[in-house]
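Q: Model the full structure from these sequences, guided by the hints.
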Amino acid sequence: MSVHPVVDQASNAARFLADRSREEYFDTLMWSLREARDRSASEVPEWEQLRDLGSAIKEHTLSHLADYLEQFEASAKRNGVEVHWAHDAHEHNQIVAEILSRHGAKQLIKSKSMLTEECDMRRYLENRGVTVTETDLGERIQQLDDEPPAHIVGPAWQKSPEDVARVFAKAYGSDPNNAAPVYLAHEMRVHTRALIEKADAGMTGANFAVAETGTVVTATNEGNADLSGNVPRLRICSVGIEKIVPTHRDLAVFIRLLSRSAVGMPITQYTSHFRAPRRDGEMHIILVDNGRSERLGMEKFWQSLKCIRCGACMNTCPVYRRSGGLSYGSTYMGPIGIIMMPTFDIRRFSELPFSSTLNGSCSNVCPVKINIHEQIYAWREVMDEKHQIKLAKKSAMVAAGEVLSHPELYRIVTAAGETTLKRLPRFAIYNDFNAWGKHRETPLPAGQTFHEWYKANRRKA
Amino acid sequence: MRVGLVVPCYIDVFYPEVGIAALELLERLGVEVDYPFDQTCCGQPMANSGCEADSRATEEHFIGLFSRFEYIVIPSGSCTHHVRNKFIAAPPGPERDQVSKHVYDLIEFLHDVLKVNEFPWSEFPHKVALHNSCSAVRGLHMASMSERVHDPYFNKPKALLEKVKGIELVDFPRHDECCGFGGTFSATEEAVSARMGYDKLGFIQRSQPEYIVSSDMSCLMHLQGCGRRLGTEVKFRHIAQLLNGDHA
Ligand code: SF4
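Protein sequences appear in the order of chains A and B. Per the working numbering, the first sequence starts with residue 1, numbered consecutively. Per the working numbering, the second sequence starts with residue 1, numbered consecutively.
Some hints could be false.
Claimed, not checked - Lysine-lysine pairs mimicking DSSO-like chemistry, simulated, CA-CA at most 27 Å apart:
#  : chain 1 : residue 1 : chain 2 : residue 2
1  : B       : Lys235    : A       : Lys438
2  : A       : Lys106    : A       : Lys198
3  : A       : Lys306    : A       : Lys386
4  : A       : Lys300    : B       : Lys101
5  : A       : Lys390    : A       : Lys438
6  : A       : Lys300    : A       : Lys198
7  : A       : Lys306    : A       : Lys394
8  : A       : Lys438    : A       : Lys394
9  : B       : Lys101    : A       : Lys369
10 : A       : Lys369    : A       : Lys394
11 : B       : Lys235    : B       : Lys156
12 : B       : Lys156    : A       : Lys369
Calculated from the structure, these hints are not laboratory results.
A: Right under this line is the structure:
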């Protein structure tokens, strides 16, 4: 049973929207990424074939996942890497803590990893006396402001440069009125370089893990994954088991898709391949399940495991852009969050599938062709089957189903002479013109329904 | 050619003139139109809310009335998309398949089946912005999609509107971004829904059209509600009204 309250994305979004300038800033920024993605995709004539190929490689890999995982483990071990398997978030955090304590490591630097967010690792380690420092600019901003990421690619994109200047001023004593990106980046560097140099251990996530060679690959723009991975002697890398690709040839397909989809650039500044520990060090890879195997067995939802975390579905999502990433109350947000989060906690995230207009733009931009909006629709049905739909809405739907399957009833309810605002067929928008009317005028019923017109003018006696 | 006409529930109650325009237009084009008198709804409102079981009886009722038609025509992309692609609440069978296979949005029927070349009776000497619904674009592929940058351009509703005398069609930014209606979404997520509607109107009004026209009245119902709240002057028409010869 879930101990967390149901996330009320709609109310969270309404709060985000209350600050018009912030909402407009975020929407404009996100839409510019969508436009950059379009331009970048249009420069690759074989773009749609690449998406087909990316999807096919992922489907193949996921349907032979056990074999590729074992191959990966064997390859990594040959490279001198210690491989661990974590069944869930707790086991993952325990393994990390155990490795760190074995080395007496107290200072951990980390480059962005959504998986460690998913595992809530930072809190776990900090409770055990380990200081965790994010080295990714966006992630560090969120850490200093004590907020989770608002976007899987740019964790702090919801903040304006002015916001960042305020956060840094508080944490670092820098000039709160200087929001120039160069100045802010400099402040960040000055304050984290020292921590990087004296860190006991470094940690990264992985964008891909190549089975044939045991390589883990990170794609970043700041190069901080390389610092986290190479500066300390002890390196830990957490990898979700769905990140496996069979070969480097396969990897090439995803490298071409990833950055173009994410931010409209042909490639990230750094595509780093980590294969073995440094000569005087240790390297650990933790392969994490945390619900993935279970999802792999879900007929309607396993395809969400193809995700390469580019964020394109979020950038194009008109609801995400106007809700902000924090409104989802979850590690993964936007369209991909909606279809993944209920597998972690169905009750807590039972409302998320309704935070969508089912417009389908997400599925069209997804570089690995996940049928995102169809899965959102399918999750709604699951919520009904599992009795996770709010009583008011459910009762309205039962009543609507009753009226709409009985023409006599339907005519009574819709008869123009009888129609008052109270008796309108509100079912079309779930019986709730009060909510509708907050920011919109309600439609006015016509003097005569089409049905009545037809009866009066056309019906043959 | 015999056609079964579906008049969606919200058109029946709020916009009967759209049902009348669709009926008259088909008749002008020489089609024999049946309006099954006992029709109610396609079941979408319930199914769209996850309550598929509650839409079963309504969908069965729909199948009972419409499975005898060779062509089922609906002046609504979202209802057509539901009946064609998401019509699974009723038990599977030849009659259900028949309905899903033979359903057409009015625009598809005019453009692809009748292949209408002209609407000689039509004239609309106004500046018009065309809004295509997400169901029409991404569900029924009635127009090329902005995300699919390599697909050849096409736009069926626009191709038909271009045959209307005197019309001036204007473009606007983010032309196929969702307007924010989304069925029950418009009530359950009213703040975001309205914001999307305001934004859509904002983008459209940059080119100062007199009319916003769509083949989906539900989008227009939402945009009209937003427009009236904002006090905007722009007017709303269903595409059937223009093609049927309304001059204003
Ligand atoms: S679901 Fe697709 S578009 Fe969204 S983040 Fe994953 S790969 Fe990118």
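Q: Indicate, hint by hint, whether the structure satisfies it.
A: Hints versus structure:
no.: 1; hint: Lys235/B x Lys438/A; verdict: holds (21 Å)
no.: 2; hint: Lys106/A x Lys198/A; verdict: holds (10 Å)
no.: 3; hint: Lys306/A x Lys386/A; verdict: holds (26 Å)
no.: 4; hint: Lys300/A x Lys101/B; verdict: holds (24 Å)
no.: 5; hint: Lys390/A x Lys438/A; verdict: holds (21 Å)
no.: 6; hint: Lys300/A x Lys198/A; verdict: violated (48 Å)
no.: 7; hint: Lys306/A x Lys394/A; verdict: violated (33 Å)
no.: 8; hint: Lys438/A x Lys394/A; verdict: holds (22 Å)
no.: 9; hint: Lys101/B x Lys369/A; verdict: holds (25 Å)
no.: 10; hint: Lys369/A x Lys394/A; verdict: violated (32 Å)
no.: 11; hint: Lys235/B x Lys156/B; verdict: holds (22 Å)
no.: 12; hint: Lys156/B x Lys369/A; verdict: holds (26 Å)
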